[in-house]
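All chains, full assembly: derive it from the sequences and hints.
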Amino acid sequence: MTRICFLDTETTGLGRDDDIWEFAAIVREPDGAEWEYHMFIQHDTQRCARLPEEFLTDHRARFPISGDADWHPDVRSRKGAAYEIANILSGGPHIVGAVPSFDTERIALLLRRFGLEPDWHYHLIDVETMAVGWLNGVAARVTDEALMDGHEAPALDRSRLAPPWDSNAIARAIGVDPDAYERHTAMGDVRWVRAQYDAITSNGPKELSR
Numbered sequence: 001m002t003r004i005c006f007l008d009t010e011t012t013g014l015g016r017d018d019d020i021w022e023f024a025a026i027v028r029e030p031d032g033a034e035w036e037y038h039m040f041i042q043h044d045t046q047r048c049a050r051l052p053e054e055f056l057t058d059h060r061a062r063f064p065i066s067g068d069a070d071w072h073p074d075v076r077s078r079k080g081a082a083y084e085i086a087n088i089l090s091g092g093p094h095i096v097g098a099v100p101s102f103d104t105e106r107i108a109l110l111l112r113r114f115g116l117e118p119d120w121h122y123h124l125i126d127v128e129t130m131a132v133g134w135l136n137g138v139a140a141r142v143t144d145e146a147l148m149d150g151h152e153a154p155a156l157d158r159s160r161l162a163p164p165w166d167s168n169a170i171a172r173a174i175g176v177d178p179d180a181y182e183r184h185t186a187m188g189d190v191r192w193v194r195a196q197y198d199a200i201t202s203n204g205p206k207e208l209s210r
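The opening position of the sequence shown corresponds to residue 1 in UniProt numbering, with each subsequent residue numbered one higher.
Fair warning: there could be bad hints in the mix.
Claimed, not checked - What follows is a list of derived Cβ distance ranges for each label pair:
id: 1; residue 1: Glu36; residue 2: Asp119; range: 16 to 24 Å
id: 2; residue 1: Glu36; residue 2: Ser77; range: 38 to 46 Å
id: 3; residue 1: Pro30; residue 2: Arg113; range: 29 to 37 Å
id: 4; residue 1: Gly13; residue 2: Asp119; range: 21 to 29 Å
id: 5; residue 1: Arg172; residue 2: Val99; range: 27 to 35 Å
id: 6; residue 1: Gly15; residue 2: Ser66; range: 40 to 48 Å
Claimed, not checked - Within a straight-line C-alpha distance of at most 25 Å, the following computed SDA-like cross-link-like pairs (lysine to any residue) qualify:
id: 7; residue 1: Lys79; residue 2: Ala108
id: 8; residue 1: Lys79; residue 2: Thr104
id: 9; residue 1: Lys79; residue 2: Ala49
id: 10; residue 1: Lys79; residue 2: Leu135
id: 11; residue 1: Lys79; residue 2: Trp35
id: 12; residue 1: Lys79; residue 2: Leu109
id: 13; residue 1: Lys79; residue 2: Ala33
id: 14; residue 1: Lys79; residue 2: Met187
id: 15; residue 1: Lys79; residue 2: Cys48
id: 16; residue 1: Lys79; residue 2: Gly32
id: 17; residue 1: Lys79; residue 2: Arg60
id: 18; residue 1: Lys79; residue 2: Ile65
id: 19; residue 1: Lys79; residue 2: Glu117
id: 20; residue 1: Lys79; residue 2: Ala24
id: 21; residue 1: Lys79; residue 2: Gly13
id: 22; residue 1: Lys79; residue 2: Arg106
id: 23; residue 1: Lys79; residue 2: Trp165
id: 24; residue 1: Lys79; residue 2: Asp18
id: 25; residue 1: Lys79; residue 2: His94
id: 26; residue 1: Lys79; residue 2: Arg16
id: 27; residue 1: Lys79; residue 2: Gln46
No wet-lab data here; the hints were simulated from the structure. What you are looking at is a predicted structure, and each value in this text was computed from that prediction instead of being measured. Even for Gly, the Cβ is constructed at its ideal location relative to N, Cα and C.
So this is what it looks like as structure tokens:
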């Protein structure tokens, strides 16, 4: 087995050159041990003005603010964050996320800004894609079992599994309640992703809330 890293970032926008202002990860070792990491990162605060009101309000509420012109001591410098994240993601772990390419593209830019190269496995794992595949497999099994038992195939509506996907609806369909997590916070989304991964690959979500 290999190390798995569930991760998420919060950024100043959707552009590839937008800054990461929050990073969170849970690294799962091959023996099942887990380590949590979380940090706030220095960024161009002016870019946050372009965020939708919901996300701008969240940034204002949670990002540590200093009483003077300097950054709050709990906030990592870009360079410090780059080196710490590079260490967390070293050794070729498999990255698991909700559209993880969004996060890894921006993390890679941050690392390369300071001469560091990404070291995670190139095969990213999108938990939403996993869930849709799993649900389609369940539907196929229901049909096959009905036919093998001599019954008509049930009328299953798979239109809800066609893109564009509703990530909350997909999570609920596999038994994970998105409302039990602090969605659109980096660590909240990491725990939500982990619960979905575990619901698909084991006997159920590792946790319902935290």
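Hints versus structure:
{"no.": "1", "hint": "Glu36 - Asp119: 16 to 24 Å", "result": "20 Å, holds"}
{"no.": "2", "hint": "Glu36 - Ser77: 38 to 46 Å", "result": "21 Å, violated"}
{"no.": "3", "hint": "Pro30 - Arg113: 29 to 37 Å", "result": "31 Å, holds"}
{"no.": "4", "hint": "Gly13 - Asp119: 21 to 29 Å", "result": "26 Å, holds"}
{"no.": "5", "hint": "Arg172 - Val99: 27 to 35 Å", "result": "18 Å, violated"}
{"no.": "6", "hint": "Gly15 - Ser66: 40 to 48 Å", "result": "27 Å, violated"}
{"no.": "7", "hint": "Lys79 - Ala108", "result": "13 Å, holds"}
{"no.": "8", "hint": "Lys79 - Thr104", "result": "17 Å, holds"}
{"no.": "9", "hint": "Lys79 - Ala49", "result": "24 Å, holds"}
{"no.": "10", "hint": "Lys79 - Leu135", "result": "42 Å, violated"}
{"no.": "11", "hint": "Lys79 - Trp35", "result": "22 Å, holds"}
{"no.": "12", "hint": "Lys79 - Leu109", "result": "12 Å, holds"}
{"no.": "13", "hint": "Lys79 - Ala33", "result": "28 Å, violated"}
{"no.": "14", "hint": "Lys79 - Met187", "result": "21 Å, holds"}
{"no.": "15", "hint": "Lys79 - Cys48", "result": "20 Å, holds"}
{"no.": "16", "hint": "Lys79 - Gly32", "result": "30 Å, violated"}
{"no.": "17", "hint": "Lys79 - Arg60", "result": "23 Å, holds"}
{"no.": "18", "hint": "Lys79 - Ile65", "result": "19 Å, holds"}
{"no.": "19", "hint": "Lys79 - Glu117", "result": "13 Å, holds"}
{"no.": "20", "hint": "Lys79 - Ala24", "result": "17 Å, holds"}
{"no.": "21", "hint": "Lys79 - Gly13", "result": "20 Å, holds"}
{"no.": "22", "hint": "Lys79 - Arg106", "result": "14 Å, holds"}
{"no.": "23", "hint": "Lys79 - Trp165", "result": "36 Å, violated"}
{"no.": "24", "hint": "Lys79 - Asp18", "result": "16 Å, holds"}
{"no.": "25", "hint": "Lys79 - His94", "result": "24 Å, holds"}
{"no.": "26", "hint": "Lys79 - Arg16", "result": "18 Å, holds"}
{"no.": "27", "hint": "Lys79 - Gln46", "result": "20 Å, holds"}
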